[in-house]
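> Note that the protein sequences, when read in sequence, are chains A and B.
Numbering-wise, the first sequence is residues 1 to 154 according to my numbering.
Numbering-wise, the second sequence is residues 1 to 387 according to my numbering.
Hints may contain errors.
[Stated by the list, open to error] Below, computed lysine to any residue pairings styled on SDA-like, alpha-carbon distance capped at 20 Å:
(1) A:K125 / B:E86
(2) B:K189 / A:K125
(3) A:K14 / B:R325
(4) A:K72 / B:E86
(5) A:K14 / B:K189
(6) A:K14 / B:E86
(7) A:K14 / B:R145
(8) A:K125 / B:L122
Think of the hints as simulated: they come from the structure by calculation, not from any bench.
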Amino acid sequence: MYQVGTLVKELTEKHGRLRESLMPILQGIVERHSYLTDDAMVEVAKELDISAAEVYGTASFYTFLDTKVRGKYIIRVCKTITCSMKGKGEIIETIEDMLKIKVGETTSDRMFSLLETNCIGWCHKAPAILINDLPYTELTSEKVVEIIKGYMHK
Amino acid sequence: MENNTGLNKVDLIFEKIDPKEVLTKAFEMTNEQIIQEVLESGLKGRGGAGFPTGLKWKYTASEKDPDKYIVCNADEGEPGTFKDREILDRVSYKVYGGMAIASKAIGAKNGIVYLRGEYRFLLPQLMRELELFHKMIDEIGYDFRIRYCMGSGAYICGEESALFESIQGDRGEPRNKPPYPTTSGVFYKPTSINNVETLVTVMEIIKHGAKTYNQLGTKDSRGSKVFSVSGDTPTPGIFELELGMTVQQFVNEFGDGDTKAVQVGGASGFCVPRKKFNETIIGFEGVPTGGSMKLFNSSRSMYNVLHNYLDFFAEESCGQCTPCRVGCQQLLKGVQNVKKGDVKSTYLNELVKLADTMKVASKCGLGQSVGNAFRTIVENFREEIIY
């Protein structure tokens, strides 16, 4: 759990207090903290003067607006057909072995979450993953180990 | 330039042009002249649905409400499509230019680009380029502004009315139609929503003239199109080709010599088996595509392909209407049960009927098109689904 502090205020200053400000505000919180807590969503509802249920309704619709606890770095492995054909299974096994978590789980130090996702638009360079916003493509087991090591030392 | 496979490779979309020159030319035209030019070019929407762009603009232009929008649909989520990312990465100024021309045609002062969350890494670069673009149109003396809205990982937001809901801060659930976006779009205002590639194509049409552009392609599918090629191919990537080729010509160029099927148009598109390569034209007279072309060779199980697509749809259905929500889940369960031998293979016929029902009864394009891949894969590769 994190303390949302002044972040919601900062985001409403930047994006406004209209209904259409909701998505960029929620995206801003996720960018900083990886997921949305109940407290954060209640805070957003207060600032925008709408019901917390409305905020949760919007948040829960979108895969990238997680309402479950997530790590600092969210690894999303593309599971759609081309990545699936070109070795997605091996990539997942490698990450699972390395981080000692299964798909859907978060490491105990809250550094990494491992998730599967639908087509991220890199089929010509499969298999591909996203770590937070950044894509990594044409992966092999060796490559993905190096990439994640890089994040461990960040 | 024809090569030995009979494919005509074209370089319009990524061609470097002087945007100021094209826009100055466009702004000297009346809005009727722009619409007429786009109508004459025969351009149909490049996102996949293929609605005539000129007609969309004509309808939006005829609306009386002065508060109108031009929205660029950059929520490229169809499995196997990645050409809009490449276009934005390499020639975003042409996307912005196309939006400015559209704004002149329909009478809008504001544009919105809805970019999928998966492409957020491009945003800093796109914003820098947008700033330069705003400077340029200020110099020309044209009053128009573009802003970005980001998606957050929902495939359904590529559906136009779901996209509007998302911009407005709501769940991305498609609306009932009519009213169509040209009457009631984003913020319930008259809106023209166009695909990234469509907008770039407009820049090329204004630059070269409808009559020149018109010479490319066929009667039903004018011009050229950017294809996203992936799967079992030695040359995956992005290729701009003249429309009107057969699947066979495509396979001759991109196949690995052992192609047994091509999925045209992604998970919501059609599966073309080898025996139909020769007779099937890629375009609106045959199998339409937003650009996704996936090749499968004989080492691939078409059951796995179908299962992957159904799993995709079961996850991405917004859940709002019953035919799609329950239908996607039942199709997935159904093929699993057929494969396991828990039900008779004739159960597949029932599932095809369900897919047909979804086509008629679903609220939006997602549920309506699940049956495309389902029917074409089951009909052509029945043994692979059962055994």
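> Below or equal to 20 Å on CA atoms is what counts here, so check B:K189 against A:K125.
violated, 40 Å
> Verify the proposed pairing of A:K125 with B:E86, using a straight-line Cα cut of 20 Å.
This hinted pair holds, its Cα atoms lying about 13 Å apart.
> Sort out whether B:K189 lies within 20 Å of A:K14, counting only the CA atoms.
violated, 25 Å
> Would the pair A:K14 and B:R325 pass a check requiring their Cα atoms to be no farther apart than 20 Å?
violated, 37 Å
> What's the verdict on A:K14 and B:R145, does the C-alpha distance respect the 20 Å limit or exceed it?
holds, 18 Å
> Check whether the Cα positions of A:K14 and B:E86 lie no farther apart than 20 Å.
violated, 30 Å
> Is the Cα-Cα distance between A:K72 and B:E86 20 Å or less?
Violated, at about 29 Å.
> Do the alpha carbons of A:K125 and B:L122 lie within 20 Å of each other, as the hint requires?
holds, 17 Å
Of the numbered hints listed earlier, those contradicted by the structure are 2, 3, 4, 5, 6.
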